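Enquirer: Sequences and hints are given; from them, build the entire structure.
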Amino acid sequence: MAARHNFDKQLKEIQQDILRLGSLVEQALYDSVQALISLDVAAAGQVIMKDELIDQLCLEIEEKCVRVIATQQPLAGDLRMAVTGIKIIISLERMGDHCVDISRATMCLSGGALTAHPVEYIPEMADIVQQMVKDGLDAYVTRNVEKAKAMCAMDDLVDFIYNRIFRELIGCVKEHPANSYQMAYLLYVNRYIERIADHATNIGEAVIYLVTGERRELN
Amino acid sequence: MRVRSMLEGIGWRSVAIYFFMLLVFFTLLNYAGDKIAIGVMVAISLLFSAFLAIVLYRRVIGPLNEVIEAARDIARGNLSRRLSISSQDEFGDLAKSINDMADRLRHTIDEITAEKDRAQAMLDSMSDVVLALDRKGRIIMVNPAVETTFGIPQADCVGRSVVEVIRNFDLDMVLQRVQATNSQLVREVAIISPEPRIFILRATPLVGNTKGGMVVLLRDISERKRMEQMRSEFMSNVSHELRTPLTSIRGFVETLQDSGTEDPQMTRHFLGIIATETARLSNLVDDLLDLSRIEERRVVHRWQREDIGTLVDQVLTVCGSRAEDKQIAIKASLQPRLPRLFGDPDLLAQVLINLVDNAIKYTPQGGTITISAQVEGDEIRIDVADNGVGIPAENLPRIFERFYRVEKARTRGLGGTGLGLAIVKHIVKGHGGRVDVKSVIGKGTVFSIFLPLEMPVTPPATDSFYLQ
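Protein chains in written order, with my numbering: chain A, 1 to 219; chain B, 1 to 468.
No lab work stands behind these hints, which were simulated from the structure alone.
Computed from a predicted model, the values in this text were never measured in an experiment.
Each residue gets a CB set at the ideal place from its N, CA and C atoms; glycine is no exception.
Mixed in with the good hints there might be a few duds.
Unchecked claim - Short derived list, chain A residues pointing at chain B, Cβ under 10 Å: (1) Q15; (2) D17; (3) Q34; (4) K134.
To be verified - Calculated cross-link-like contacts (lysine-lysine; reagent style DSS-like; alpha-carbon spacing at most 27 Å): (5) A:K50 to B:K225; (6) A:K64 to B:K331; (7) A:K12 to B:K136; (8) A:K50 to A:K87; (9) A:K134 to B:K136; (10) B:K438 to B:K331; (11) A:K9 to B:K136; (12) A:K174 to A:K9; (13) A:K134 to A:K147; (14) A:K64 to A:K12; (15) B:K211 to A:K9; (16) A:K64 to A:K50; (17) B:K211 to A:K12; (18) A:K134 to B:K225; (19) A:K134 to A:K174.
Expert: Written out as structure tokens, the structure reads:
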């Protein structure tokens, strides 16, 4: 009983660490998009700096998961818990990296003003992606398969907005070739945010696997 | 006395009855022993013991059962249960004691419940989020504000750790530190979900409780932060506005100092500019003083009836000379028998003065300004119309903003501060009214203010001027 108690404690700790990591990534996403909109270089720099914390926490969690697997040799649900832990942190870590990419783009864009009108849609898309990341982590805490599925369905909307921004930015490039430098960075940012949404669906899939043991491709 | 109390102590009635019955039994045995067969004696004694048993049951066991039943009932929580034994013996006393005990218990529990309800009501009606955590960081109590603030059902919080409920890294770090150091921490944390807000977080370890744990208080200070930011923006605007005339005054004074005053024409020209700029500076300071006066009276305190005619006369006295300088005629066309305005007369006069002053500035020589007033529904409408230069349509929505100018160079030359219309809007809103403007380029502008005829039931409090 004591061993089981200890094991449960370890799993609980891993889950809480994942949520901490998630909170950092959620914040990074919000901050990086806000920095982009207001072209705030200092805020963008903060996001890049804080990414180190994300990477470090990621390593710690990974090590904890490996240690649980090595020392407790978990089975079934417990094993899935350790494995999904690793899957989720990989997705979160990638999201953090994309936030850094967005911040780098912000730094490159600073000094001028954002003139391209499709830029207005970026916060809209980022809001949806933010909600997806939040819902994904909420689904993980509550083991809610329905919520995970609903979250993954939001990816279609993100893809739709992504395509629209893409088309309109290309249109802007054609109209004002002098501004193509800015458009190119915005195209990147558009892509990064879309990728973050894809990673969010990975979290959703991991939650479904954790609860039901089924592997589903929801992207 | 002593013997009696001792007897009472051991329940003398039953003992006395027992001895009395024994006496009767022996008497019977003595007198009738040899006459009646021993069998009859046995029968009698059996009958007698049966009689005694019945008496004993009626008097002792029955009431005792009732007492036990009632005591159990009370222990189960039915505090309204009372014993109905009213005999004068020990059972009567016992029943009375139990009833008293139940009464007192009920009273105490009622008191404790009321106390708890009061504390709960206080917590429930707090707009700040209050969380109580146990030593492992799990939530043991949370108030309903968590639902309104974070959209998380109150019931879902209990038993979970904070990071599972409010996912914020800084918040979690602070709580871990408080747990590790066992000392209070106060921090500002930005929480982005469900909407970006700034909270002041106060985490205090529980005192007088060896089990550990802490109380966490989260207060939304986003509004205050916004206000602070607005205020600093306003201050930087004001500084900028003050610096512009000062720079130009300083420039011309320095030029005069350097080049001397040999050229009288140029000197006069420079002095003229300095005079204009000084006047502008002084206007600006006046407006700022007005502003701080209005800001102090954000809620209109001095509500009284005032005749519109009196207000218009006041305006004519103040603005008359300036209008005459430009040969502008100010006409008043007031509907007869107008009801009196309700509000602070000084502030309302200020509104009209600002509007007329503006009109004078933007009306060319020989123009006309008309002040008219009429009742419309449950409002009084006051129009200040001019036949001046007019305002371009695209600028109309913004002219009530602080420091907004249609055309910077032009208005500065006229000595505007950019605050006049903002003050008008602020005062009118404070009276529960509204402002409107219509303008045609080259034809003129009409500013209309609408004020309610009756004092609003709850005096409207406008935002701070800094927030406009």
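Enquirer: When the hints from earlier in the document are held up against this structure, which numbers fail?
Expert: Those not satisfied are hints 6, 12, 19.
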